[in-house]
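Line by line, the protein sequences give chains A and B.
Taking the numbering used here, the leading residue of the first sequence gets 94, the next gets one more, and so forth.
Taking the numbering used here, the leading residue of the second sequence gets 18, the next gets one more, and so forth.
I should point out that these hints are in silico values taken from the structure, not numbers from a laboratory.
This structure is a prediction, so every number in the text was calculated from the model and none was measured.
There is no bait here: all hints are sound.
So the derived list for chain A, only partly shown, Cβ under 8 angstroms to chain B, looks like this: (1) 139; (2) 143; (3) 147; (4) 273; (5) 328; (6) 363.
All residues carry an ideal CB built from backbone N, CA and C; glycine is no exception.
The primary structure of each chain is shown beneath.
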Amino acid sequence: MRKVPAEQVKKSVKEALIRMNHHLDDSLLTAFRKARDKERREVSKSILDDLIENQEIAKQGVFPLCQDTGMVVMFVEIGHELTMDYSLEDVLNQGVKEAYEEGFLRKSVVKHPFRRENTSDNTPAIVHFKHVMGDQLRIKIAAKGAGSENMSKVGILKPSDGAEGVKKMVRNAIEEAGGRPCPPIIVGIGLGGNLEKSALLAKEALFRDLDDESDDEDIRQLERELYKEINALDIGPMGVGGETTCLAVKINTYPMHIASLPVAINIQCHASRHEEVIL
Amino acid sequence: MKRLTPPISEKSLESLQAGEKVFITGTVYTARDQAHIRLVDEKRPPFDLRGSIIYYVGPTPAKEGQIVGSSGPTSSYRMDELAVPLMERGVKVMIGKGDRSEDFHKAMLLNKSVYLIATGGAAALLASKIKSRKLLAYEELGPEAVYELQVEDFPCFVAYDLHGNSIFRRASG
Ligand code: SF4
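Could you put together the complete structure from these sequences and hints?
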């Protein structure tokens with residue numbers, strides 16, 4: 094049996110959140126630069142230039158990348174050899190609280206659907222646990238803004254709708270969202286499971302590396318085709334038209350009932366703040 | 018390079034073309050969801066609406082010694098309805114992100130106002146163009162309170178101009 098001290102968990106979560114709100118992954122920056130060079134119109138180029146310059150300023154550690162520093166989502170894998178004498182969820186939330194208070198991040202969580210009183214420390218996070226073999230604690234953390242989350246969709250198609258049905262649903266969702274989710278976007282798609290499982294798959298797909306492709310041949314094909322089709326929509330950076338609407342399409346799948354084809358689309362804005370910590 | 022300096026006259030907006038970059042220098046007021054609800058009901062608003070520029074923003078908290086935290090635009094469509102009575106009372110320029118409803122667009126043209134976008138998510142860059150900040154009203158709204166900002170070369174793009182053109186590839190709505 095192995096023990097992971099609560100303090101270590103809290104500190105890792107806190108540091109990861111502060112870090113991700115100031116630094117974008119290098120792969121994203123490379124993608125911004127490539128996208129910039131592909132654009133033909135001045136306005137589309139200029140927006141991508143803003144994003145590159147924004148990252149330069151943010152990484153100095155004074156200003157977070159975006160004012161919407163997100164609501165926190167975590168996927169946690171707990172190895173079977175670990176023991177804990179504390180509530181892991183409480184400790185994770187404590188890390189969130191300290192990150193948002195001490196890191197001067199915006200508290201964007203309200204308590205009630207209608208009364209909308211701020212919880213003042215950006216908790217609670219949305220945490221998903223999985224029990225796995227091993228002695229590690231893996232925490233995948235995202236700070237997810239509302240602009241892109243609000244444009245997400247879940248629907249249950251008929252099995253006979255197939256890949257074409259999925260594509261149509263995805264294209265429609267992206268068209269409808271237009272410039273609102275701050276394109277260039279990353280599109281996470283969950284295929285299979287049921288209502289809530291598909292949504293989880295879509296969210297978890299957003300954690301995959303930017304250049305990662307599915308191992309499954311059909312799914313890889315679908316990822317590539319959707320990437321092309323979405324970029325042909327001419328929504329472009331911030332919706333002003335252009336070559337790059339999405340930087341990547343990631344599809345995760347799970348077995349499902351013989352009678353259904355659940356589809357979830359989770360949109361991630363260009364301020365893609367994700368990190369994985371392993372303890 | 019086009020520049021805008023408030024207070025904004027109708028004339029200064031005439032030459033603006035959708036898609037073009039403009040830099041703002043001068044006073045800009047912040048207001049978003051909750052502040053809009055309050056502003057429309059105010060008999061005496063906390064600032065002179067005539068010729069004013071409103072920026073839809075809810076910044077991150079400022080660190081000690083800092084003027085303002087990160088300050089990128091929020092989605093404008095949520096303010097579409099409440100923006101109309103404010104334009105009727107003289108607001109000339111709104112800055113946000115994303116497209117807006119057809120009703121908003123019509124009312125905007127009728128009132129001879131314009132809609133600009135700033136690059137969504139470029140909040141660190143935009144904050145670096147804010148030179149001072151003063152709390153004007155609704156402190157209890159936290160990041161949604163109304164502030165008076167002094168900005169310098171604040172970069173925006175003309176989204177809807179006075180001539181009915183739009184920066185967005187698809188029609189508004
Ligand atoms: S959608 Fe993303 S980049 Fe745009 S304002 Fe929201 S968090 Fe920031």
